Structure formats: structure tokens, C-alpha cells
Amino acid sequence: MEDILNLRYALDTFYFLVSGALVMWMAAGFAMLEAGLVRSKNTAEILTKNVALFAIACIMYMLMGYNIMYPADGNGYFPSLDLSFMFGGDNDPAEVLAQDPAAWYDGSYYSGMSDFFFQVVFVATAMSIVSGSVAERMKLWSFLVFAVVMTGFIYPMQGYWKWGGGFLDELGFSDFAGSGVVHLCGASAALAGVLLLGARKGKYGKNGEIRAIPGANLPLATLGTFILWLGWFGFNGGSELIVSNVGEANAVAAVFVNTNMAAAGGVIAALLTARAVFGKADLTMALNGALAGLVAITAEPLAPSPIWATLVGVIGGVIVVFSIITMDKLRVDDPVGAISVHGVVGMWGLLAVPLSNGDATFGAQLAGLFTILIWTFVVSFIVWLILKVTMGIRVSEEEEYEGVDIGECGLEAYPEFVGSRGAA
Amino acid sequence: MEDILNLRYALDTFYFLVSGALVMWMAAGFAMLEAGLVRSKNTAEILTKNVALFAIACIMYMLMGYNIMYPADGNGYFPSLDLSFMFGGDNDPAEVLAQDPAAWYDGSYYSGMSDFFFQVVFVATAMSIVSGSVAERMKLWSFLVFAVVMTGFIYPMQGYWKWGGGFLDELGFSDFAGSGVVHLCGASAALAGVLLLGARKGKYGKNGEIRAIPGANLPLATLGTFILWLGWFGFNGGSELIVSNVGEANAVAAVFVNTNMAAAGGVIAALLTARAVFGKADLTMALNGALAGLVAITAEPLAPSPIWATLVGVIGGVIVVFSIITMDKLRVDDPVGAISVHGVVGMWGLLAVPLSNGDATFGAQLAGLFTILIWTFVVSFIVWLILKVTMGIRVSEEEEYEGVDIGECGLEAYPEFVGSRGAA
Amino acid sequence: MEDILNLRYALDTFYFLVSGALVMWMAAGFAMLEAGLVRSKNTAEILTKNVALFAIACIMYMLMGYNIMYPADGNGYFPSLDLSFMFGGDNDPAEVLAQDPAAWYDGSYYSGMSDFFFQVVFVATAMSIVSGSVAERMKLWSFLVFAVVMTGFIYPMQGYWKWGGGFLDELGFSDFAGSGVVHLCGASAALAGVLLLGARKGKYGKNGEIRAIPGANLPLATLGTFILWLGWFGFNGGSELIVSNVGEANAVAAVFVNTNMAAAGGVIAALLTARAVFGKADLTMALNGALAGLVAITAEPLAPSPIWATLVGVIGGVIVVFSIITMDKLRVDDPVGAISVHGVVGMWGLLAVPLSNGDATFGAQLAGLFTILIWTFVVSFIVWLILKVTMGIRVSEEEEYEGVDIGECGLEAYPEFVGSRGAA
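Protein chains in written order, with the numbering used here: chain A, 1 to 424; chain B, 1001 to 1424; chain C, 2001 to 2424.
Chain A with its partners taken away, still in its complex shape:
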């Protein structure tokens, strides 16, 4: 029996680590997506933000976030504080193997370190959502200070309420891999930042006209989307937390298939919607459609059949096109469409859960949705506001015109390439 338990533990841990590595890879996806969708003069800065926010997320989550989100104790609303993770330690093999096999999955059945690894890359995902929305005009260092607060405190608190066993979990709120806890949370923080930051210069004219500001490098944006699509198999697939028996292996496989089908549905729906609305096969909408499908299925990638998962993605793909158009009409300037993709479609994902999972209710879903949205938006707004009145959050008009790469990073992303039409 000990041999079996050793193997189970090893397989579940390895599965967790592979899943975590795939989610870590999503950091590259966000970096490429955002670098492709901004102008060349702001590319090096968005890359710097993406690399640095990932590093900050890892460090802050190690220092405090992980202990807030998964505390030894707590009252359902406030976790007990315990900053011990950074000193390490893992399950004692002898204790693990002495567990009652019948209660195995209530105990320590995978490495605690692997759990941290899997969780930490989720935090970075939430923070990556923010960087795209505030691109091309936010000060780099203010953004990084916000990242410290977001990954060390704002995200872990609401994460505790659901995944740490807090009051949302007790309410019956259902969010398998984080349409709410990760995506809506990130988008809510982004929205607060965008509202305080304002639109890019020239984006909205005096007479209501909306100027399209095309991204400089669509192959990069496409690469980023494919990276995210791949990484999502770890994001959703790893969130089953167990793979080591027939039922669980089937569940993980179903999650893989449904995740993939939702993305596929999102692509086709967004492409056709864009064609109907704009008359063209808009690549950026197809990419956003893929991401919308992925965000939508994230709240419940296990219960649906493949055709149902496809439909969840299809609806996400339609929503995202109209949401992006609407945001622009509302003059909410989100260069990469992250608020629509992760926020608006994240809500759709949460509300779609009861349609396929009989254990979920619309009431609990709405409770979770509004808790995450309000908590994150309000606290983020306060933090952004403090940053605004202290460090400032917006670069100078001149720096914005010249591009933030020179001003913030002292270098250019493509120093040789900008031709006659460049520096727009």
C-alpha cells in the first residue's frame, strides 16, 4: 500500500507541477499579446512591466499572499496572518504514508511546494490582465507599486473567500479555475486604474469620434494568444487538483477538451460577429474571441459536454466583440480589450455555471461576482488614487507622445525598424 501511496502522491504532484509550468508560460503569452497590441514606441515598457510584475507576484505571494489566501485558520472573512511559507517545508513522507487510505484525498496527497507553485502563477495571471488595460500611458514604477499591493493583498483576500474556504465558498459560490477569482478580479483592478488614468491622447475626439490605434505587431499578438491557449490547459486542467485514478483522470481529460472547445467556439463566433459588424475578418477580434472562450469556460470546464462547452465559448466570443465596441463608446480606453475579455466575459462564465452544473445557483454566483467585483474595484481604486496623488500614475504628455519606452526604459523595442509611417 505504501508503494501505491508513494506513486499516487508523486503522480498528483508531477501533474500539478506540469500544470503550473503551463500557467507560468501564460506570463509569456500576456507579454507577447500586449507587446503586439500596443504601438512600437510603447513596446519595451509593456514588456518590462510584464516581466517585472511576474517577479513581483512571485515574491509578494511568497512573502504574504499565499498565507493570506490559504491560511491555517480564519473566520471566513478574515484569514489569520502567518508569514511562514517563505521558510519552506513540505509534507513529511512518513506522515503522508501513514494516512488512512480511505481519507487520503482529505489529507496531504500532493506536495505543498507544488501547490504554492501552481497558485503563484495564478496571481501573476490576474496581474497581467491589468498591465494591458493601462498600457501606453501609465507610469512604470507606479504600476509596479500597485502590483505589490494587488499580488500581496487584494487578490489573496478575495481568493481566500472562495478557494481558501472563506464565506463565498460556504455560500456555494462555484468558480472552478477562476473566471471570477482570477479574471474578473484582474479586470476589476484594471477598470479602476483606467478610470483614474483616462484615455490615451488622441483616442477620443472632441466630436465623439473614436480613433483606432492599431497594434504594432500582430504576429506577436497571435503568438501570445496561442501561448495563453496552451497555458490554459494547465490553468483549468490543473485546477482539478487530482489525476491519479480513473474518475479523476477522466475529469482532467474532460477539462482539457472543454477548454479547447470553448476557445474554438470563441474564435469562430468572434470572427463571424466581427465580419457582420465590420465586414472584415478582424484578426484581433478572432484572438479576443479565443481568449473570451477560454475565460468563459474557466468557471466550469468540467460539467459541460463538448458541445455545451463550445456554446459557452461561442457566447463569450459574441459578447467580447460587443463589449469592446461598447467600452469604446463609453470612452473606457483599454488598448488590449482586457476588461471586456476578462471582466465582462468572466461574468458570463460565472453565470453560465448553473446551466451545466446542478450544484450551482444563480444566487450564489451573483454573490460571488459582486463580492469580487466590488472588493477589487473599490480597494484598487483607493490604491490607484493614493498613487495618483503621491507618485502620479500618468506619464507626461510629452513622454506619451514620444513613447514611454524612451522615457521609462531608456531604450527602444525596435530601434532599427520604424519606417516612414512609424512613430504615429
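Mixed in with the good hints there might be a few duds.
Cross-link-like lysine-lysine pairs, in silico, BS3-like; alpha carbons within 27 Å at most [claimed, not checked]:
1) B:K1280 with C:K2201
2) A:K280 with B:K1201
3) B:K1329 with B:K1388
4) C:K2280 with A:K388
5) A:K388 with A:K206
6) C:K2280 with A:K201
7) B:K1388 with A:K280
8) C:K2388 with C:K2201
9) B:K1203 with B:K1329
10) B:K1201 with B:K1388
11) B:K1280 with C:K2388
Just so you have them, the derived chain B footprint on chain A, three or more residues with Cβ under 8 Å [what the hints assert, rightly or not]:
12) 226-239
13) 273-286
14) 306-319
Label-pair restraints from in silico Cβ distances [said to hold, decoys possible]:
15) A:A103 with B:S1084: 34 to 42 Å
16) A:A103 with B:P1101: 20 to 28 Å
17) B:A1199 with C:P2214: 37 to 45 Å
I should point out that these hints are in silico values taken from the structure, not numbers from a laboratory. The structure displayed is predicted, hence computed values, not measured ones. Glycine residues also receive a C-beta, built at the ideal position from the N, C-alpha and C atoms.
Using the hints, position chains B and C against chain A.
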């Protein structure tokens, strides 16, 4: 015993899912490869095709392709039609665990959902081969309609003949991971399209001269090749279908090594051949050499020793250079060389099987080769022809001159970058 | 029991193969990193070098390197020569399963082929380090000849001394995954090449001024860094060699976490150091910081706690910035900073081992450090020198001015993009 069977099932399923994720990643590889090898004015459109064809492949294979290729029943030539997969369902754990352990591998030893996941990404691979060959001049929507037929019907039919247990399998045709079923099939469909479509404007002069049209972004093409190389470990490695005992683990490891060695051999051979022919270390030939090595070993990556696998790749690498030169002389305009890489070298791969695998015969290999080639070419030709007389398959001369990005997608891939030498 | 052993063997083999695939992916990382950090006129050539060196590493290591590094026999200083690996063969299942379970991990507990696969991609990593340092001026074919000697002989010899059980291993030299054996080795070979090659034209002025030569494509460089970061989970994680029980699964998880934390620490430290020194958030320093953190932790990613691993990375991140500045003052022209990242920080990694691992001593670490450095530098210097007097190692001044892409590869990496500021 039940514990053991649970673990076996879980490990084989997890191995299948990881392999499938690697193959899915190949979609990004094809997208980057093709985006790097076309001109900048046609880049956004080829990216759109690649994203959309992947989505179409997933949906059509779910709706009908999977059930055609792996039917519950059939007569060896025609499968019985059954469109149930989309409603899901997987092996019942109790039934799985009640199987006779001696007959375990004849039964349900991994998740059916994981099988679908692994298979569906193969279909997309076949279709990705087509997009490169018809690049820079084919109408986007006609291409996508073809993708529907290809992934829903043409590919699954011939897949059934071999991997679904049809007549080619009964004949003894041997194709481990699809030099024929995937690569030659994709190339045959591409060839039919290219013949009906004609060459790009300016590619071939009146006096027989051949104009080189260089790709706009070779780092992307290189990245795409590395992605494909990585993904191929899933493509070939996963095709062993089992990993959970000593013999099978050894087999999977041998497949990994041989796949890698063939690619390495292909690189060196193509690089030296190109140097001999052109006098330069032609990067695009080195990349095609890697892919040629990979395609060549795909029909039999298990039986060879590492040195033999290297030689299979070396020969593939030599073939691909001369094939690309020959295609141009024949005025078959294939912007990325896909017909040579996947078709001509795919045939070499099929014919190389009997050299290392004593169970294979040249007769059966030729039967499989011609069946796949003729079936796919003829049916594809008919479908392309119908599209040609209905929707049309070629963009207007003006649109081709301006680039299909503006006409088809309404945007540019690199709106800021095209300098003084651009828009060639 | 046999069932258990089958599963153990399969899981450890599969873990090894997945790790190896991640390390293979690092080849793409180096290619993108280097392609992003050179000028556009030298990009196709560096890509060609990266693809070709990977292929050469695979072939030379199959032909002789693997048998030198892990010989059947040897005296601690010279391995016995045995060129059999290329003909394949793996552990016999019956013999594997007949092993005494108590001595299982002293015997054959994973596939020998998987071991080769994991090892071969390490060799390529060492060689990839060299290509960046000699970029923009070294002849392609001379470089490839050096790659033959390096991957077939220089690297395997010193690898044997540590990992093959040679005298450094007997001395107690500790190098978990190769801060010394891989990174310092690669950097030492690079340094020898750079000293014989000289700086790029225009890099250093007559009056001591140092001209910055910015890389042409920073999104590529960032992508390369993320690829390397991901691949490093295989590089360090796979170097535990076992995952299939509770203790070993915990160890692998700890390695993943520590690897990630060190990279994060390196990013933040390098970013802050660069800001202090240059006044800007220098993206290329942040990227070098990530790599420095990864190199630093590679010698001992298991023993530290997460906070300690972060500090190892932080110190690596500080070192790398000052090292890069110092190299330039010393007029050691290293376009991508590889000698600093892999060599100088590699030494820091080796010397940091005794701080967290009580079994290591500074004496043994210094012995290993100097052995690797002197062996690799001296032998590489001789080989480079022979190449210099025979084939020549430096391109002509005219070719350097025009860019090596045209001269060596006969094509351009970005034929359409170089605008008014191009071809600097």
C-alpha cells in the same frame, strides 16, 4: 490490483493529455512559420487563417470527424455514421477497473476524452499544412469553407482506413504517427488547391525566370520551426499510446530520441545541400531540413536505432532541398515549401519504414501512399473546384498587389514598420 | 510488486522525457534571445547558428559525447572510449523488474534512452551560450566546426569529471544541474572565442568611449527569456532524476519553486540596480537579471528555502549588471552579455552552494570552478586558435559592415522592414 489499474489509467491518460497539449502547440508553430515566410502585407491574413482553421478543425472533428475516423462499426471502407461524441461521456470507472488485467490494453486503459483531445489536434496539423501552400493569394472565406470539409470529412475518411481499423490497416500499411495520414494528406490537399489557384503574380516570369519572394520575418519562421520540433515530441511520442510499463516507457523514450535525431540530421543535411547548391548557409533551407527530418521519421520513429533515425532525417533533408527547387521549376508555387516538406518527404518517410521495421512491406506502404494521395487529391480537387466556380478561390489582382491583409482582414500586421523597401 | 515497479519506471521515465522536452525548448529561447539582441543585419545568421548548433550537438553527443561523459569505465580522469550509443538499446524489462526493490534506485529505474534525451539537450544549452558572445562578427562555418569539438569532446570531458563520476565528483564538488558543468563551461568557451575574435567594429572608440549597440527586436529577446525561464523547470527539475515517491516528489517541487523564486529575485534586483546606475528601467537588464537568477540557483536548487533561493537570485541579479558594465570597460565585447550571465554568475552559483547545503565545501567548489574554467578555456582557446590560422574566424570588414546575413546566409532576416534608421 484496483489501485494499480487506477494509476495505470491515470498515467496513460496524463501522458496522452501532455502529448496532446504539445501537438496543439504545433498550431502556433505553423502560424509563426507561415507568418514569417510570407510578405508583411499578407501576414495578418495568414495568421487569421491559422487561428480560424484550428478552431474549425476542433469543431468539425467534434461534430463528425472523430466519429467517422473511429467509428463503433464499419466495413473497412465506409465507417458507420454516429455523431454522438459531442455529447461527451467517458469510460465508466467501475467497468474500467473490472477489466481482466491480462486483457487490460485491449480494453479501456485511458480516458476517451483524452483520446479525442490527442486526435483533434492532429486534424488541425493536417489542415495547417494547406494554409502555407495557398498563402498570399487565396480568399480567406473560401479557404475556411475548405477547412470545414477537410477536417470534417476528407481527413477522417482516410484516417479511418488506417488508424480506425479500415482496409489499409488490414493490408498491413504501417504509419506510426502519420507521415502519410497527416502529412501526405495535408500536402495532397494543398497541391490540389495550388494547381487550381495558380502562382502568385510575379513569381514566374515569361521567359522562365523564377523570382525569389523572401519571407518578411525569419525570426518568426525560426520560432515556428522550434515550436514544431517541440510539438513533435507529443505528435510522435504520444502515438505510442501507452507509457505505463517498462517496455512501453522505453518505447516512448526511443521515439523521443529518434524524433530529435531525425530533425538534427535534416538540419545538417539541408544546410550542407543548400551550401553546395547555392553557396550559402540558407536559413530557410535549414528550417525546412528540420521539418523534413521530422516528417520523415514520423512513419516509424520506434524501430530505428538513433543513428538510423539520423540517416532517415539526413535523406529527408537532402530531398527537401531538391524538391523545393523542382517544384519551382514545375511552377508549382508553394510559398512555404509545404508540399515538399510534408508531401514529398512524407512519401520518403512511408517508404523508409520497411528498412527498419521488419513487419512492414514496400507493397503495403505503396498501397497506403497512393490511397492517401489519390483520395485526398481527388476529393480536395473537386471541393476546391466547386469553391472556385461558386465563391471563387483567388483574390482580385488589385487585392493581391495591395496585400490580402487590408482586403480580407481590414488591418495590417505591422502597421508602423514597412520602410522604404516595404510593400515589395 | 512487478506492477509497482513498472509504474515507477514509467513515471520516472515520463518525468525525464517531459523535463528533456522543456530543456530542448531552451534552444528556441537562446535563438530568440540572441536574435533579439543583435542588429537586424546579423539576425538570420545568428538564427542559423542556433538551429545548426543544436543539430550538431545532438549528432556529436550521440556519436561520441554521451559515451565520453557517462562511460562504462574510466579512471576518474580519462573515461574509457565506447561509441555504442548510436546503435541504441535500452534496459531489458525482465532484468529491470527482477531488480532487488531495496536497491531499485541504484539500478535501472528509468529508460536509458530518456537519459540520453535529457543529457543531449544540456549539451546544446552549453553551446548556445557561445553563439551569443561571438555574434555579429564570427564566421558561421568556423563556429560550427568549433561546435563539433565542443559538443563532442570539450563539454563531455568536464561533464564526466563531475556527473560521470570522475575526480571532481569524488572530491565532493557539488553542482546540482550545472551552474558550472553547463553554464560556466559554455561561458569559458565563449570567453576564449571573444578574446581571439576581438570586438565588433565601432564598439570601442579610440578615446575609451563605449558605444551601445542596441538589439533590434526586444520583444524577441523577452520571449527568449520567458522560454528559458520555462525550460529551466525541466533543466533543474529534471536533474533530481527521480520523482516517484513522496520525498522525491517534494524535492522536485522544491526545485521548481526555488528556480522560479531565484529568477524573480534576479529580475527585481537587476531592474533596481539598473535604475540606480542608469536611471532607467532597462528591459535588457531585467531580462539578464532573470537569467542570472536562474543560472545562480542551478548549482543548488534543492537545499534552499524559497526566501533563500530568492536571495541567491537577487545577488545574481546585482552581479550581472556590474559584470556587464565591467566587461565593457575591459573591452570584452559580448553582444548578449552571456559571459556575465552564465560565467560570472555561474561562479556565484557554485560558491553559494555551501551556504545552504551542508554537504558542500568551498574548497571543493573552488576546485570544480577552476577545473571547469581552465579546462574549457584552454582547450577552447587552442581550438579557436587553430581555426583562426586555418579557416579564419572573423568575417571581412566589409561583410561585418554590410551584415553577416547577406554574406553568410544569402538572405535577410527582415527584408522589408529596415527603415530610415536601419542598417546602423
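Hints versus structure:
1. B:K1280 with C:K2201: It holds: about 24 Å lies between the C-alpha atoms, which stays within 27 Å.
2. A:K280 with B:K1201: holds, 24 Å
3. B:K1329 with B:K1388: holds, 25 Å
4. C:K2280 with A:K388: With a Cα-Cα distance of about 20 Å, the restraint between C:K2280 and A:K388 holds, given a limit of 27 Å.
5. A:K388 with A:K206: holds, 25 Å
6. C:K2280 with A:K201: Since the Cα atoms of C:K2280 and A:K201 sit roughly 24 Å apart, the hinted pair holds (cutoff 27 Å).
7. B:K1388 with A:K280: Given that 27 Å is the threshold and the Cα spacing comes to 21 Å, the pair holds.
8. C:K2388 with C:K2201: Holds, at roughly 18 Å.
9. B:K1203 with B:K1329: Status holds; Cα separation ~11 Å.
10. B:K1201 with B:K1388: Holds, at roughly 18 Å.
11. B:K1280 with C:K2388: This hinted pair holds, its Cα atoms lying about 20 Å apart.
12. 226-239: This one holds; 6 residues, not fewer than the three required, reach chain B with a Cβ under 8 Å.
13. 273-286: Since 8 is at least three, the answer is holds.
14. 306-319: holds (count 3)
15. A:A103 with B:S1084: 34 to 42 Å: Holds: the Cβ-Cβ distance is about 38 Å, inside 34 to 42 Å.
16. A:A103 with B:P1101: 20 to 28 Å: holds, 27 Å
17. B:A1199 with C:P2214: 37 to 45 Å: Distance hint for B:A1199, C:P2214 holds at roughly 40 Å.
In this structure, none of the earlier numbered hints is contradicted; all agree with it.
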